[in-house]
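Enquirer: As a plain string of letters, each chain reads:
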Amino acid sequence: MAQELLVISGKGGTGKTSVVGAFAALAEHKVLADCDVDAADLHLLLSPKVREAHDFSASKEALIHGEHCIGCERCIVVCRFDALSMVDGVAIVDPIACEGCGVCAHICPEGAITMEDVISGNWYLSETKYGPMVHAELGIAQENSGKLVALVRREAKKLAQRAGCKYVIIDGPPGIGCPVISAIAQVDLALIVSEPTAAGIHDLERVLALADHFGVETAAAINKYDLDLARTDQIEEYCRGRGTPVVGKIPFDEAVVKAVVEGVPLMAYDPDGQAAQEMRTMWMNVVEYLDAL
Amino acid sequence: MILTVASGKGGTGKTTLAVNMALLLAETMPVALLDCDVEEPNAHLFLHPAIDACEPVTLPTPVVDEERCCGCGKCAAVCAFNAILVLGGRALTFPELCHGCGGCALLCPEGAVTEEPRGIGVIEAGWAEKVRFLHGRVDIGAPLAAPVAAAVRKRAQERQGLIIVDAPPGTSCPVVAAVKDSDYCLLVTEPTPFGLHDLQLAVGMARELQVPCGVVVNRVGLGDQQVAAYCASEGIPILLEIPFDRRYAECYARGGQLVREFPELRDKLRKLWLRIRMEVEGDGPGAAGH
Numbered sequence: 001m002a003q004e005l006l007v008i009s010g011k012g013g014t015g016k017t018s019v020v021g022a023f024a025a026l027a028e029h030k031v032l033a034d035c036d037v038d039a040a041d042l043h044l045l046l047s048p049k050v051r052e053a054h055d056f057s058a059s060k061e062a063l064i065h066g067e068h069c070i071g072c073e074r075c076i077v078v079c080r081f082d083a084l085s086m087v088d089g090v091a092i093v094d095p096i097a098c099e100g101c102g103v104c105a106h107i108c109p110e111g112a113i114t115m116e117d118v119i120s121g122n123w124y125l126s127e128t129k130y131g132p133m134v135h136a137e138l139g140i141a142q143e144n145s146g147k148l149v150a151l152v153r154r155e156a157k158k159l160a161q162r163a164g165c166k167y168v169i170i171d172g173p174p175g176i177g178c179p180v181i182s183a184i185a186q187v188d189l190a191l192i193v194s195e196p197t198a199a200g201i202h203d204l205e206r207v208l209a210l211a212d213h214f215g216v217e218t219a220a221a222i223n224k225y226d227l228d229l230a231r232t233d234q235i236e237e238y239c240r241g242r243g244t245p246v247v248g249k250i251p252f253d254e255a256v257v258k259a260v261v262e263g264v265p266l267m268a269y270d271p272d273g274q275a276a277q278e279m280r281t282m283w284m285n286v287v288e289y290l291d292a293l
Numbered sequence: 001m002i003l004t005v006a007s008g009k010g011g012t013g014k015t016t017l018a019v020n021m022a023l024l025l026a027e028t029m030p031v032a033l034l035d036c037d038v039e040e041p042n043a044h045l046f047l048h049p050a051i052d053a054c055e056p057v058t059l060p061t062p063v064v065d066e067e068r069c070c071g072c073g074k075c076a077a078v079c080a081f082n083a084i085l086v087l088g089g090r091a092l093t094f095p096e097l098c099h100g101c102g103g104c105a106l107l108c109p110e111g112a113v114t115e116e117p118r119g120i121g122v123i124e125a126g127w128a129e130k131v132r133f134l135h136g137r138v139d140i141g142a143p144l145a146a147p148v149a150a151a152v153r154k155r156a157q158e159r160q161g162l163i164i165v166d167a168p169p170g171t172s173c174p175v176v177a178a179v180k181d182s183d184y185c186l187l188v189t190e191p192t193p194f195g196l197h198d199l200q201l202a203v204g205m206a207r208e209l210q211v212p213c214g215v216v217v218n219r220v221g222l223g224d225q226q227v228a229a230y231c232a233s234e235g236i237p238i239l240l241e242i243p244f245d246r247r248y249a250e251c252y253a254r255g256g257q258l259v260r261e262f263p264e265l266r267d268k269l270r271k272l273w274l275r276i277r278m279e280v281e282g283d284g285p286g287a288a289g290h
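So the sequences go chain by chain: A and B. For the first sequence, position 63 matches number 63 in the working numbering, and the numbering has no gaps at all. For the second sequence, position 222 matches number 222 in the working numbering, and the numbering has no gaps at all.
Do not take every clue at face value.
The list that follows gives simulated cross-link-like pairs (lysine-lysine, BS3-like), each with its CA atoms no further than 30 Å apart [stated by the list, open to error]:
#1 B:Lys-268 / A:Lys-258
#2 A:Lys-60 / A:Lys-157
#3 A:Lys-129 / A:Lys-166
#4 B:Lys-154 / A:Lys-147
#5 B:Lys-154 / A:Lys-60
Honestly, the hints are just simulated from the structure, not real lab data. No experiment lies behind these values; they were computed from the predicted model shown.
Chain A extracted, bound-state conformation (with noise of 0.2 Å):
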């Protein structure tokens, strides 16, 4: 069985992507899902060739008949988003607002509302330099990225039984919400890449209280760790306390921010810098830590 892999971090910015990136050229026998499906930046370090793309559909939008519709306004008055209003004697969808919930087309006297799949993404197998990779893009203002990073996941696992890979190594998207808990549920380790910021600290606190809501291993990572020493110890401490161990400390370096210019890992960039050496130690602390799971 493969093992899974997430980087999240709670906050946004705080280097998830070079780190999956560098772990990408570190890692043998591995496939890689880009499951930020809002901001999908991992395939700008990864350029990967598409072998395949899919369709993504898992929401319905109201269609309104106009020709059949005879302005009893009794849509409007059950939705409860706001999607529905009058124009000239005939209801009107806005597409946005739309919950997909079909409670409209259930009232509707006339049979004039029909629900309607959406198309509200794509999904990719690809194949990069360092492997496999699973990706997608959501529409823009589309709903349903938790059902889409789900599939990502799916798709990812179902690749790397098939390969007989060792990990699914997974960038995930930021936030605590429905596409994060969509990437959490179930994956052997979590790995939190913070910064010793106010902001990162908070975050920090409120991504692992998911982990432990989903019964979720972690670990921590800190970035930029050199740019506030004191709140970096009060990192290590904070996970010290709660038995999450700090697998890396990367150093503010310039190298990783023009790896990303280049559309490059770290590790292709420049392996001998001060991050990518640390990453590497990192990633050995990883897998040290996967295979004692």
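Could you slot chain B onto chain A? The hints should help.
Expert: For chain B alone, coordinates are given in the frame of chain A:
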């Protein structure tokens, strides 16, 4: 005026910009700050508001009266979110999947389904010096950030003056809840391929919602020129560039207020505000861009 600060990519400086604009502008006008990043709200860490009100955010969730339930399965057939199942003639509810549409209660032929409010988060309000402060926090493990973000955002209607909304990262439901019906959207980005890619998504969202937008580029000097080239080709105004400066990063790290420590940023943010006002009043260079 409702000014929303958003970004596709996380960690570009949304909260820093929102908080410091609020502090600066509140010196001369009524300002409210609404933190709609309900998954990871951070503005309070920089503003330290004295909270004077706290209320739960709830969603109506079905409760089935077993006496009246005939086991017909209508509720389960109606529910688009699999939050009710009927097994062996009994209705089972899964509240964490419920979106609160009310379909089950409305359409149950026996009137056996009623709704009860279920807590999914809280809203807190207070004052931080002259800034009226509001934020929401979704409960840990609750997948419904968008209704909590929308509940915070709705409170904008109660306020006069300038309302600055701090949006979550990304472009999906909770972000849409924050950005929708804003007078202007500031998109904060950084000059890297990640920043550019996610900015393009955020511009697409703002256009879909028909909210005019302008860009703030943060940490200029670390990165490349692609963001500027993109904005020029799309006719999106870059309203402010903030250079990378380790002192700013350190101030942010300890939860400090940039406008109190760096006078040069006061002038820049004041000018940013004047530019935004021009854009909203329709005589800025970006007015034709949407």
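Enquirer: Please flag the earlier hints that this structure goes against, numbers listed from lowest up.
Expert: none
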